Structures are given as structure tokens and as C-alpha cells.
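Enquirer: Under my numbering, the first residue of the sequence shown carries the number 149, and numbering increases by one thereafter.
In case anyone wonders, no lab produced these hints; they're calculated from the structure.
All values reported here derive from a predicted model rather than from experimental measurement.
Keep in mind that a hint or two might mislead.
Said to hold, decoys possible - Label pairs and their computed distance ranges (CB to CB): (1) LYS197 - ASP244: 29 to 35 angstroms; (2) ILE263 - LEU206: 27 to 33 angstroms; (3) LYS234 - ASP174: 30 to 36 angstroms; (4) PRO223 - ILE260: 28 to 34 angstroms.
Said to hold, decoys possible - Think about it this way: if two alpha-carbon atoms lie no more than 27 angstroms apart in a straight line, the pair counts; the simulated DSS-like pairs of lysine-lysine are: (5) LYS176 - LYS159; (6) LYS159 - LYS207; (7) LYS234 - LYS176; (8) LYS176 - LYS162.
Beta carbons: idealized from backbone N, C-alpha and C, even for Gly.
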Amino acid sequence: MHAISKYYPLKHYKWGAECDGWNLVDNKNLSIKQERMPPGTLEQLHYHKEAQQFFYILKGTANLLVEGETIELNPGEGIHIEAGKKHCIKNNGSGDVEFLLCSNPSTIMDRINCI
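Produce the entire structure from the sequences given, and follow the hints as far as they go.
Expert: See the structure below:
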């Protein structure tokens, strides 16, 4: 057995515009990911029918848009997003943003992108 980290993840993946993700826990009931967003990147507005999520900022300042309201999160701060709430994360800063993203249950097959 060994420690799991972004340096030794279950899986590394790329998403969006050069964003990185590392699966730390990945099963149907719980997903924990560490993600990195370079400056000026954002994800598409979306929601989950079943999954609730918790975003926790490790580095940088992120802006989360949740149901039309923008919330600024700094290192050491997080936010719980209930299932069904439209949301997206943005990095409007000049440095990378790194955060933990916990989902219960997993968001596999449970992401609905908004147009």
C-alpha cells in the first residue's frame, strides 16, 4: 500500500484548456480529485442530478458561479454544492488554481452541461 497524491494518483487526466486532474478516490459512491487550472481558464456551466460536491481551494483564488451568484474562494476555503445546482469554476487570476473536488456519489454519467 502507498500514499495517494497528485504525484502518485490512481489516474491523471487533462480537461478543458490545459487543465489537469488527478483521481485520488474513484468509486461509484465517492470521487475525490485534485485539479489544476491555469490562469484564464474555466469550465462549462453544468449541474448533476444526483451528486453533491465540495470544492476546497489549495492554491490561488477561484471564482465559483453557483446558480448565478459568484463566490470567490481563497486557499483554505471551500463550498458545498447541492445536487441540481448549476455551477462552474473559473480562474480569473494570474497564477494557477489548485483544488480538491469531492463528489458523492461519483459524477460518472451524472453531468448535464448547460448551453
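Enquirer: Which earlier hints turn out false for this structure, listed by number in ascending order?
Expert: Result: hint 3 breaks, nothing else.
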